[in-house]
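K.L.:
Keeping their order, the protein sequence lines are chains A and B. If you read the first sequence in the UniProt record's numbering, its first letter stands for residue 1, the second for the next number, and so on. If you read the second sequence in the UniProt record's numbering, its first letter stands for residue 1, the second for the next number, and so on.
Read the hints as simulated data drawn from the structure, not as lab findings. Any given hint might turn out to be false.
To be verified - Here are the simulated lysine-lysine pairs, DSS-like style, with alpha carbons at most 30 angstroms apart:
(1) A:148 - B:102
(2) B:148 - A:148
(3) B:102 - A:102
Number of protein chains: 2
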Amino acid sequence: MREAYYDQLDSIFGQLGTIAREVEVAVGRATQALLTGDGEIAEQVISADASIDRQREEIEDNAFSLLSLQQPVAGDLRTIVAALRMVGELERMGDLSVHVAKVARLRVPGVAVPPDMVPTIEQMSAVAIDMVGQVAALIESRDVDAAKALAEDDEEMDRLRRVSFRELLSNDWPHGVEPAVDLALLGRYYERIADHAVSIANRVVFVVTGETPSS
Amino acid sequence: MREAYYDQLDSIFGQLGTIAREVEVAVGRATQALLTGDGEIAEQVISADASIDRQREEIEDNAFSLLSLQQPVAGDLRTIVAALRMVGELERMGDLSVHVAKVARLRVPGVAVPPDMVPTIEQMSAVAIDMVGQVAALIESRDVDAAKALAEDDEEMDRLRRVSFRELLSNDWPHGVEPAVDLALLGRYYERIADHAVSIANRVVFVVTGETPSS
Chain A
1 MREAYYDQLD SIFGQLGTIA REVEVAVGRA TQALLTGDGE IAEQVISADA
51 SIDRQREEIE DNAFSLLSLQ QPVAGDLRTI VAALRMVGEL ERMGDLSVHV
101 AKVARLRVPG VAVPPDMVPT IEQMSAVAID MVGQVAALIE SRDVDAAKAL
151 AEDDEEMDRL RRVSFRELLS NDWPHGVEPA VDLALLGRYY ERIADHAVSI
201 ANRVVFVVTG ETPSS
Chain B
1 MREAYYDQLD SIFGQLGTIA REVEVAVGRA TQALLTGDGE IAEQVISADA
51 SIDRQREEIE DNAFSLLSLQ QPVAGDLRTI VAALRMVGEL ERMGDLSVHV
101 AKVARLRVPG VAVPPDMVPT IEQMSAVAID MVGQVAALIE SRDVDAAKAL
151 AEDDEEMDRL RRVSFRELLS NDWPHGVEPA VDLALLGRYY ERIADHAVSI
201 ANRVVFVVTG ETPSS
């Protein structure tokens, strides 16, 4: 009985890792669509999100059946509830990738990001993709030290967002209102993806140690 | 035993209603700070958020103890897990009010919103405050018809957001980049508050009927 329980729990974490990998791909492709003005890739990201939503429902069903049938207490209970929350956050990260793809789609065949701002977006997306990749690995390894290290990457994201605001609000910003608005919202989407990554890492720490890291 | 269980469950929903009322106040005050450039009110909203976070923790503790001690199944289990999610969404709505207050604070003693855009922000905030107020009432009444009606207010929010984008991206936008960026982000914050309100309403429908409304 207990063995079946741990098999089911492992299978839920396996599914969470799979979704995290799909989110990692979604962020990468949405950024590619954004920086190349490729409407087809943008559409792919938007339609692939349904698969993430479907897997979320599966994980929820599995977690509920585990809660109902196995009646776990204490640590096990917290683990399953943490898994339910992690899948909610992963789904939001998928939605945020869709938002990035939709900004790209809106400007096709043009490119939403002015050439001199491309490096900033490239850096933001690189940080976000790296964090999502780390989250996928963390869910699989449950490595507490690696989970704690993720918060540092989030500081890099905050720094990049400050840099981009400084540029687009400077007096010699040459691109006008529309790209500034696009960049402000894109910055917000990447920042939120990073926030969710940190939050999932904190939940992994909690699952393993029973304690929530102070943020 | 079962009676104690339902008392505890009612108490959790009572706490959720209290937090929703605090969020309603926070959205209203953040908007007031935003439209008047009142830095003191902005600070109050920012510091009051700690109380919402604290109550969130209390609700989580109560929900966990109910899950551990009473070992609920099926419908009761789903209700408690729904409550855990609702409190997570309410906390996010509080965070979003803080974001609005921080935009206000950044421009003090000035006002972030140009005079001709004040009506748009007033309407967005009125819709958001009304939706949060309805959510508070819904949590208390568990009125399924009222919960379903909330989705219509969300359409009004989407319309307002489209209107504001049209204005700030029009060729004769006179206010330059900074207010446009502020308004784009503010629109995003109010929209997310409304999204969370709809999501909570859907969870209330689910708790009562066992079915999630299609959105």
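K.L.:
Hint compliance check: list the failing hint numbers for this structure, sorted ascending.
P.N.:
2
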